[in-house]
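Dock chain Z against chain B, hints included.
2 protein chains.
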Amino acid sequence: MSSDREFLGLTPAGTPGHYRFTVENHLARLDGRLYGGTAIAVSIAASELVSDRAALWMTTQFVSTAPAEEEIRVHAEVLAPGRRTNQVRVTGSDADGQVMFASLGATGHRRDDGLAGTFEHPPEVSTPDRSEPRGGPFAAMLRNAGVEAEVPMPRDVGFNRVVEFREPAVTSHPDPGPGRVCMWARRRDGAPVTPAILAFIADMVPLSVAHGCGVVAGGISLDNTIRIGSADPSEWVLVDLRAHLATGDYGHGAAHLWSESGALLATASQSASMIRFDLDDAPWNRS
Amino acid sequence: MSSDREFLGLTPAGTPGHYRFTVENHLARLDGRLYGGTAIAVSIAASELVSDRAALWMTTQFVSTAPAEEEIRVHAEVLAPGRRTNQVRVTGSDADGQVMFASLGATGHRRDDGLAGTFEHPPEVSTPDRSEPRGGPFAAMLRNAGVEAEVPMPRDVGFNRVVEFREPAVTSHPDPGPGRVCMWARRRDGAPVTPAILAFIADMVPLSVAHGCGVVAGGISLDNTIRIGSADPSEWVLVDLRAHLATGDYGHGAAHLWSESGALLATASQSASMIRFDLDDAPWNRS
Chain B
1 MSSDREFLGL TPAGTPGHYR FTVENHLARL DGRLYGGTAI AVSIAASELV
51 SDRAALWMTT QFVSTAPAEE EIRVHAEVLA PGRRTNQVRV TGSDADGQVM
101 FASLGATGHR RDDGLAGTFE HPPEVSTPDR SEPRGGPFAA MLRNAGVEAE
151 VPMPRDVGFN RVVEFREPAV TSHPDPGPGR VCMWARRRDG APVTPAILAF
201 IADMVPLSVA HGCGVVAGGI SLDNTIRIGS ADPSEWVLVD LRAHLATGDY
251 GHGAAHLWSE SGALLATASQ SASMIRFDLD DAPWNRS
Chain Z
288 MSSDREFLGL TPAGTPGHYR FTVENHLARL DGRLYGGTAI AVSIAASELV
338 SDRAALWMTT QFVSTAPAEE EIRVHAEVLA PGRRTNQVRV TGSDADGQVM
388 FASLGATGHR RDDGLAGTFE HPPEVSTPDR SEPRGGPFAA MLRNAGVEAE
438 VPMPRDVGFN RVVEFREPAV TSHPDPGPGR VCMWARRRDG APVTPAILAF
488 IADMVPLSVA HGCGVVAGGI SLDNTIRIGS ADPSEWVLVD LRAHLATGDY
538 GHGAAHLWSE SGALLATASQ SASMIRFDLD DAPWNRS
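Taken in sequence, the protein lines are chains B and Z. So that you can map any letter, position 81 of the first sequence is 81 in the numbering used here, and since no number is skipped, the others follow by simple counting. Here the numbering used here runs 287 ahead of the position in the second sequence, where the first position is 1.
Just chain B, with the same shape it has in the complex (with noise of 0.2 Å):
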């Protein structure tokens, strides 16, 4: 949890519950602007500060976006604080009130000799060390798209300073068809993933909406979803990205999240707004 507080430059602010954090680069998207991975890393990592517990699940939804620099004021509660579970509420706000995201969520204690198991079924990849650093999820959308365009990911610019994402090499799906994504990611320090940073990791299911319509689209996020298994000590996880469908310009999806040894970290949905680029006014096509 220590690194997580580290990495999301999550301080307390006094009363008990309240944190605050400063949209640095590396917490934000390409043009600076708060990124929702950071929205959703904050409140996982300020529901198991103020509970003691772990993270179970969370849901965030982006309410505004908070510009580079801005400091964020965090306020965790328990609702429903449970011997063995607390349900938890975490609202981020700009320095007028003004809320950036709300955020439901749940920490507990695991049994250990509690129901477990795991139901889904990992695609057959290359390891991380045999992928290709290709230019990420935006990268493998372009091609699908026929989009012959060199666009390497900048790696000096938001969360790709701190991310490192490869291509793998697919050799078999359960569950194949168009919208399925798969990319290993890692901290580019090295530091195992905890359930924060799966979180902020996970935030790219627009991308494999995109794929699915065959199409050069972003997404406006309206929430990330997050629900957190068995904790794996793992460097990279293997984003495993399965759109589900898209309608009237609004996408859904889901990412499970595979530590290198096949464990299922986690399950991520998401829904956003979609938007088609206008590719004669891409950045490579201007003069």
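Some clues are possibly wrong.
[To be verified] Just so you have them, the derived chain Z footprint on chain B, three or more residues with Cβ under 8 Å:
(1) 8 to 22
(2) 57 to 70
(3) 80 to 93
(4) 116 to 124
(5) 190 to 196
(6) 213 to 219
(7) 264 to 277
Just so you know, these hints were derived from the structure itself, not from any lab. Bear in mind the structure is a predicted one, so any value in this text is a computation, not a measurement. The beta-carbon is built from N, C-alpha and C at its ideal position, and this holds for glycine as well.
Chain Z only, in chain B's frame:
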């Protein structure tokens, strides 16, 4: 929408965004207390009413249960009023202001010519009229766990009064394995399903987690989440349950909701605290 209001007994309570409903027996669990599916259905109906838009996604967190015949006050707010998309919050409380459930979600206007597609695959199952009225998902879990008991679902208690279940023969499944349970469901009055009713019906992921573990267990739902797809008028809905994982007595999973003609109406997901039943103390073993 008016059929939802009637089904849920949702009535305006003076000021805009304020509603109320009573925990009537058909909105309750078998023990007469507020059923989780009711809370998310009410949240969807109230968010559509307050925003005058169609529901896109909704997460409902269960904070405390409400007893039979309790009057619940519902407050629906638009947190971010976009031209196309509205981010909404819905809270259900009792007369003392004690929160029963808290919901986050969005509503929006779908574009007729917007991105569209379905990237998940339905199982092949028998039609509702060739499927068995065998007692619903609970009976399926018992059989799966090797329990030789005839446990008819009581037709006159709780949500069973208004929802009929039939168990199809599954001839092929796109992603087979333990934890897969398929069930046809419809309103007993034959009214076509709406997003609110889909959410009402989908609240049974814990049964698929028990099925995956091969045990008889129930779940205390922590939340219900639903992401809504294309409208396709359908009386019956195929609830295609897919458990994801269990760890330390917590379980997570999803449900795909298909129309009679095979359209993906919505995908749902849920987390629960699992409780193994003591079969020696089961009603059918008591003298």
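For each hint, the structure was consulted:
Residue count for the stretch 8 to 22 of chain B with a Cβ under 8 Å from a Cβ of chain Z: 0. That is fewer than the three needed, and the coverage hint is violated. With a threshold of 8 Å between beta carbons, the proposed coverage of the stretch 57 to 70 of chain B by chain Z holds, since 6 of its residues qualify and at least three are required. Closer than 8 Å: that is the beta-carbon criterion, and the stretch 80 to 93 of chain B has 5 residues meeting it against chain Z, so the requirement of 3 holds. Given a C-beta distance limit of less than 8 Å, the hint that chain Z covers the stretch 116 to 124 of chain B holds, as 6 residues qualify and 3 suffice.
By the rule of at least three residues with a Cβ nearer than 8 Å to a Cβ of chain Z, the coverage given for the stretch 190 to 196 of chain B is violated, with 0 such residues. By the rule of at least three residues with a Cβ nearer than 8 Å to a Cβ of chain Z, the coverage given for the stretch 213 to 219 of chain B holds, with 3 such residues. Figure legend: the stretch 264 to 277 of chain B, annotated as covered by chain Z; annotation consistent (7 residues with Cβ-Cβ distances under 8 Å, at least 3 required).
Violation of the numbered hints given earlier is confined to hints 1 and 5; the remaining hints are satisfied by the structure.
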